[in-house]
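Q: Could you slot chain B onto chain A? The hints should help.
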Amino acid sequence: MARLGELERKVMDVLWAAVGTELTVRQVAEELPRHAYTTVLTVLDRLERKDMVRRTKEGRAFRYAAAASREAYTAQLMHEALGAALDRDAVLVRFAETVTGAEAQVLRRALVGMEEQPRARAKRARTVKG
Amino acid sequence: MSPDLAAVALAGVSLLFLGPLSGWLDRAAWVTRAPRSAVALWQAIGLAGGGAAVGAGLSVAVARYHSGLVGGVGDLVGSLVGGHPLEGMGLIDALGLTLAVDVGVVLLAVVAITMAGTIRARARHRRLLDLVGVGTDRVPGAVMLDDPRAAAYCLPGIRPRIVVSAGALRLLRSEELAAVVEHERGHAHERHGLVLLPLASMSGLLRRVPYAHRAPRAVAALLEMAADDHAARRHDPGALAAALVLMGTAGAVPTKGTAGAVPTKGTAGAVPTMGTAGAVPTMGTAGAVPTCAFAAASTAVPARVHRLLEPRRSSRPVAVVTFVAAMLAVAVPFVPFVAR
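Protein sequences appear in the order of chains A and B. Here this note's numbering is used: the first residue of the first sequence is 1, the next is one more, and so on. Here this note's numbering is used: the first residue of the second sequence is 1, the next is one more, and so on.
If we strip away everything but chain A, and leave its shape as in the complex, we get (with noise of 0.2 Å):
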């Protein structure tokens, strides 16, 4: 399973490096010379069924292309990461909300008060030296 998924990875990479044209499984399995022709052919299938990848017919062969750039996947996963600062959906655990506004500005000051505390820490302790 693991090794499939691996394999789906490779798939779209050429896909995607082919940018614009779209590729014959024959193609495909000639970027990705460790892997049977077949193989590929089965995981082109399963990312079509995925809408990962689209095909075309052309004559009596399929050439295919991955249905969205590696940039709008990566694209749609942050507007998910980002999401709203109210998380209903409990699809992803974020490590920080938006804040805004007002908010920010108290929590910026008080992260340049974190930065400065070693200063602050050693100027004290040359006052009490002194």
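Any given hint could be a false lead.
To be verified - Computed cross-link-like contacts, SDA-like style, restricted to lysine to any residue with a CA-CA straight-line distance of at most 25 Å: (1) A:Lys50 with B:Arg159; (2) A:Lys57 with A:Val25; (3) A:Lys10 with B:Asp137; (4) A:Lys50 with B:Leu129; (5) A:Lys10 with B:Leu128; (6) A:Lys50 with B:Gly135; (7) A:Lys10 with B:Gly157; (8) A:Lys50 with B:Met144; (9) A:Lys10 with B:Pro140; (10) A:Lys10 with B:Arg124; (11) A:Lys10 with B:Ala123; (12) A:Lys50 with B:Ala112; (13) A:Lys10 with B:Gly141; (14) A:Lys10 with B:Thr136; (15) A:Lys50 with B:Arg127; (16) A:Lys10 with B:Met144; (17) A:Lys50 with B:Val134; (18) A:Lys50 with B:Arg120; (19) A:Lys50 with B:Ala121; (20) A:Lys10 with B:Ala166; (21) A:Lys50 with B:Gly117; (22) A:Lys50 with B:Ile158; (23) A:Lys10 with B:Arg120; (24) A:Lys10 with B:Val143; (25) A:Lys50 with B:Asp130; (26) A:Lys10 with B:Ile158; (27) A:Lys10 with B:Arg159; (28) A:Lys50 with B:Arg124; (29) A:Lys50 with B:Thr114.
None of these hints come from the bench; they were simulated from the model.
A: Then chain B, alone, in the frame of chain A:
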């Protein structure tokens, strides 16, 4: 206990738990000292409140048997198994039974459907992530998304994924990054996604029930604190707090764009240069963290920062008492069934 009395008592418990009690827990400040136990208490209140509602309906339904609560439930089941359900049942009895079935079964089914949708969304996210995410030397075991905006998250599942964006890698110093990743590992390790799943699934359906819209948000904040604790045990809490501020206020803009507002990197101990952007006020006198300003916040981030910076107080007694309260709360709906 007589069924009539039980019905009134259970209905009261249900209203109390899902209403005022959830409001009290939502406002309580002490929960931040024992976030994991407080999560258990939230869950217990929800279970008990829902269970009491089902029990109240059931009590009404069996009142006509005049054989007590437990005997009445036995009679009801007997009548169903015997093939003559609803026989001799009045309108009120039937209503009570319907209520019990509705609350118990229909709501659970609807919540289950919503949960299934969330699980599908997670699976889809994972599928895309496994195709476009890349490994990174700076964070072994995490997946990187090549995007200039700062984000870090945990995608729950059987094998959870910890994800950081290229923007976050650029924004954070290595000790901050390590703390963030450990925070996400805390989520993954303690299966927080599983805790959130049923709560978040009911919030959209039961908007009228105060518990249903308070619990998801409150529990989400508590789970963040639990994960903060997990990270703070292994890394500098100050670094985690700094990361929280940076990530929370970086927002959706590319981290390059905010570079002026972010303390300069590399020069340890140096005074951070402040940007001229309007978003950041000119720096006042360096001093204590303005903790009082964190009181009323729209997100959990300020409270979490405050919590990490404040000297740690022992919270074990709070945790134990809270957990015991949670166990007792779960038992409440069963009391009428065992009380004489």
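Q: Any hints from earlier that this structure breaks? Give me their numbers in increasing order, please.
A: Going through the list in order, the structure violates no hint and respects every one.
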